[in-house]
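Colleague: These are the residues of each chain, in order.
Protein chains: 2
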Amino acid sequence: MDERVLQILQEKTERNVADLKRLLRQPSISAQGIGMLECAQMLRDELAALGGQAELHLTPGHPIVTAVFPGEGPKTLLVYGHYDVQPPEPLEEWKYDPFGAEEVDGKIFARGAVDDKGNFYTAIKAVQAYKEAGVPLPLTVKFIIEGEEEVSSASLYDFVKEHKDLLQADALIGIDGNFTVNGYPQMLLGRKGMCYVQLTARTARDHHSMRAPLLVNPAWRLVWALNTLKNEREEVLIEGFYDDVLEPTEEEMQLLAELDWNPEALLQEAGQSEFLLGLEGLEAKKRLHFAPTCTICGIGSGYMGQGPKTVIPSVASAKVDMRLVPNQKPADILAKLRKHLDKHGFSDIEIESLGGLEGCRTSPHSPIVRAMQQSITEAFVLKPSIMPSIPGSGPAYVFKEHLNLNQITACFGPPEDLNHAPNEYIFRSSYLKGIEAIARLFKLYSQAE
Amino acid sequence: MDERVLQILQEKTERNVADLKRLLRQPSISAQGIGMLECAQMLRDELAALGGQAELHLTPGHPIVTAVFPGEGPKTLLVYGHYDVQPPEPLEEWKYDPFGAEEVDGKIFARGAVDDKGNFYTAIKAVQAYKEAGVPLPLTVKFIIEGEEEVSSASLYDFVKEHKDLLQADALIGIDGNFTVNGYPQMLLGRKGMCYVQLTARTARDHHSMRAPLLVNPAWRLVWALNTLKNEREEVLIEGFYDDVLEPTEEEMQLLAELDWNPEALLQEAGQSEFLLGLEGLEAKKRLHFAPTCTICGIGSGYMGQGPKTVIPSVASAKVDMRLVPNQKPADILAKLRKHLDKHGFSDIEIESLGGLEGCRTSPHSPIVRAMQQSITEAFVLKPSIMPSIPGSGPAYVFKEHLNLNQITACFGPPEDLNHAPNEYIFRSSYLKGIEAIARLFKLYSQAE
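In the order they appear, the protein sequences are chains A and B.
To get this note's numbering, take the position in the first sequence, counting from 1, and add 99.
To get this note's numbering, take the position in the second sequence, counting from 1, and add 99.
If you're looking for bench data, these hints aren't it; they were derived computationally from the structure.
Treat the hints with care, as some may be off.
If several chains are the same, the list does not tell them apart, and a pair holds so long as it fits within one copy or across any two.
Claimed, not checked - Listed below are the simulated BS3-like cross-link pairs for lysine-lysine, each with C-alpha atoms no more than 27 Å apart in a straight line:
(1) Lys194 x Lys438
(2) Lys206 x Lys428
(3) Lys482 x Lys260
(4) Lys384 x Lys111
(5) Lys408 x Lys260
(6) Lys499 x Lys408
Just chain A, same shape as in the assembly (with noise of 0.2 Å):
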C-alpha cells in the first residue's frame, strides 16, 4: 500500500468527515420524491471534481449516477450503491434531525448514515484519496449509484441491461449494512435468488353459500392447491424443486459456523420456544443461511369483516415467496410450479409471475474476496466476519444476470442496526476506516491472482 495514500487519509480526516455530513443533508427519499434529482447532481458534481468520467443518468424512476475512473493496472472493479434512503418517520422518535448530521460521542446520526450513504461513499472518498496523494490508481474504478434501491430498484434492471458496456468489469462490491452484533466488520459473499407469485383461483360470481354442496369455491380450491405446495415437514412438494440446489461447500459451512448469531434473540422476538422443525446451531443456521423456501406473504378471499357472511367466495388469492438458492433459476421453477398444479388436478389455478431473481454466491477463495478480506483486517485491525450468503435478496441479481458479476458487500455500519428505524448512525471511526479499507483494496485486488 502506498504510504502517500494512507498520509492523505490522515490528512484529511476532517474533510472527509464535512463532506459525509453535507452528502448526509441532502434529504434524498425515495418514496416521497424528496431531494432526489439534487442528491444525483451533487454526487454527479463531486464525481466529475475528482476527474471521472461522471454521468447523471435520467430513468423513468430516480436518477442513477454513474462514473469512470480509468487506472493503471487491467482490472476493473464496479462499486455499487445507492443515495435514496428510506423515509425519517416517525419523526418524534429521532433525537436529532435526521437530515441535520449531528456529530455525538463519536456518532454521526443521519437517515441514511448507514443506508447507504455512509458506506458507499467510502468508495469515493478512497478515489479522491489517490488523486490528492498523487498516485495512479491501481485499477480502473467505475461506480453505479442507484436512487431506488428503497423501493424496489424498477428502474436498475433496463438500465445495467442497456449499459453492459459502460459497466462491465472484473467484480462487483457493494458497500452497505452493519457490523456484527459482536462488533466485527462483515463481508457478505451471496443472496438467495426468489421466484414470487401470486395464485388465483375464481369463478363467475359470488353465491349463497347455501349453494356450497354444488359449486365450486375459490377457497377451497385454493387452500388444496396451497397445500400440495408445501407439508408440516416444510418439505416444498413441488416436483423438481430441489433439483438444482447447489450446496454449500466445506468452507462456506466453517465461514457460517464461525459467524456471529443470537438464536434466542430471534426466538423470543417470534415468541417461539423453538425454531421450525426443532432445529438448532448449525443445522438451523444452514437452513436460514442455504435453503429455499416457500412461504405464504399474503392470502385473500371473500368476506373477512366483523361477524359472519354466508358466501362462496368468487376469487381467492395467495401471494407466495419461493427463495431460491444458486443454481435454481426462477423461471425454471415457475414452469415446475405449472406442472405441479397441472398434475395434482390445479389446472384452474392461475399464476402471476410477480417478480424472479437468482440467488448468488461469492466464492471464498475468489480473488475479490481474499483482496478484501484482507484490506478490511488491515484497515480496520480486526478480521471481518464473512457470511457465505444471506438469507434475503437483493438486487444485485441484475449485475449477475446482465454482466455475469457476483456482489459481495462490505459493511462497515455500527452493530446496532437502525437501518429503516430512528436515530440511524455510523461511528466517525468507522466511516474512517471503511474509507482506507477501499482505498487499500483497489491496491490489493489489483494484484490478486
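Mind docking chain B on chain A? Use the hints.
Modeller: Leaving out everything else, chain B in the frame of chain A:
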C-alpha cells in the same frame, strides 16, 4: 269451511287490497332505521282493532309486535312474519315508487310486497274475515311479527326465550317467499342449521420472509389446518361430523323428486359445466337440500395489495360456515372441530364461534303440513309444491330451541323472485287467495289429528 267466512272474503276484496297497500306505503327499512316504529304501531293498532291482545314490545333493535286471538278449539297456531323490508336501492331501477304500492295489470308493486308484508298480512286478513263473518275462530291464533329479519333477527332470540308462555303453540307457520318457477304455490317444511366459526392462527409479529426457514408462518398453519377439514372429494373430515345426520325419509325424497328446479340455469349462472362431484338430477338435489356443508366464506392473511411483499404474516384467519342438518347440534360440531384440530396437531388454531343454529324439518305427515297442503289446494285450486327442506338456514331455529316448534312456511309471492331486488311485486289474486288459504287453514288445522 264456513261459507260465511268465504262470503266475507268475496265482499271485502277491495278493502283487503286497500289495506295491504296502506301497509306497503308505510316504509319500514330495518337496515336504515326508517319508519320502523310507525309500521309496528300500525300493525299493533290494526291487530288491537280486530279484538286481539296486541302488544308492541320494544327491543334493543326494532320493535316486535305480538297478538293473541283466542279461539274455540283447544289448538293454537303461531304465525311468524316480519314487517321490516330490504332497502329499496337502487331507486333508479324501480318502475314505480317502491313505497307507492301502485297496481298495474293485477300486480301490486312495492318493496315488501312479497318479503314479507304481502305474505304475512294474509293471516291478519284471515282473522278479520272470521270476525266480520261473526264466526268464532276454530283455534287460537297468535302472531309474532318482528322488525329485524332482514338484518339477522338479533332481538328475536332473547324475546322468544323470555315470552315462552305468550307464544306457546301447537304449530308454527311462516308466510314468506314465492311460487315455484313453474307457477305453483310452495310450502317449505325445513331448513338447515349452521355452525359458523372463525379460525385464527397467530404469532407475535410480522417478520421479513427471509426468516421463513426458521419461523412459524400462521398462513401455512391455517392452510394446513383447513386442508384437514374437507378433502377434494367434498368429504368433511372432522371426526364424527356426519354421526347425527338425519337422512331424508322415502317420502321426503319423493317430495324432492317432484320439486321444480332448473339445474341448467344454476350451472350457467355459476359458469360451471357440471356440479361438484359430477352430480346430476336427484342426487344433486339431495345433496343441495339434505347434505351438511363446510364452506370457506373468507380467508385473510398478510399482504394482498399490489405487487410483491416479502413478509411472514403474523395473523391468518378464515371464516367457515358449516350448514348443519337435523339432528346435528352446533355445540357438538364445535366441540368435534376443536377435538379434530387438536388431534391433527393444530391446537394453536383458535376457534371463535360466530353463530350456531339448529336445522329442522317437519314431517310431511304432520297435521299442520297436511292441513296447509289441503287449504292451499282448495284456495288456489293448485296442489302446492312441497320442499321438504330448503338449502338455507333462517331464524326459525329460535322457535325450535325455545318452544320446540318446527316452522313450515307458505309462499304466495309470484314465480318471478324479485325479493331484495327492484320492482318487487305480488299478484293481487295470489294475495287474496292467500287470505282464503290461511282462513281455511285455521279450520282444517283445528280439525286435524
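Colleague: Okay, which hints does this one fail, numbers in order?
Modeller: Numbers 1, 2, 3, 4 - these are the hints that the structure violates, sorted from lowest upward.
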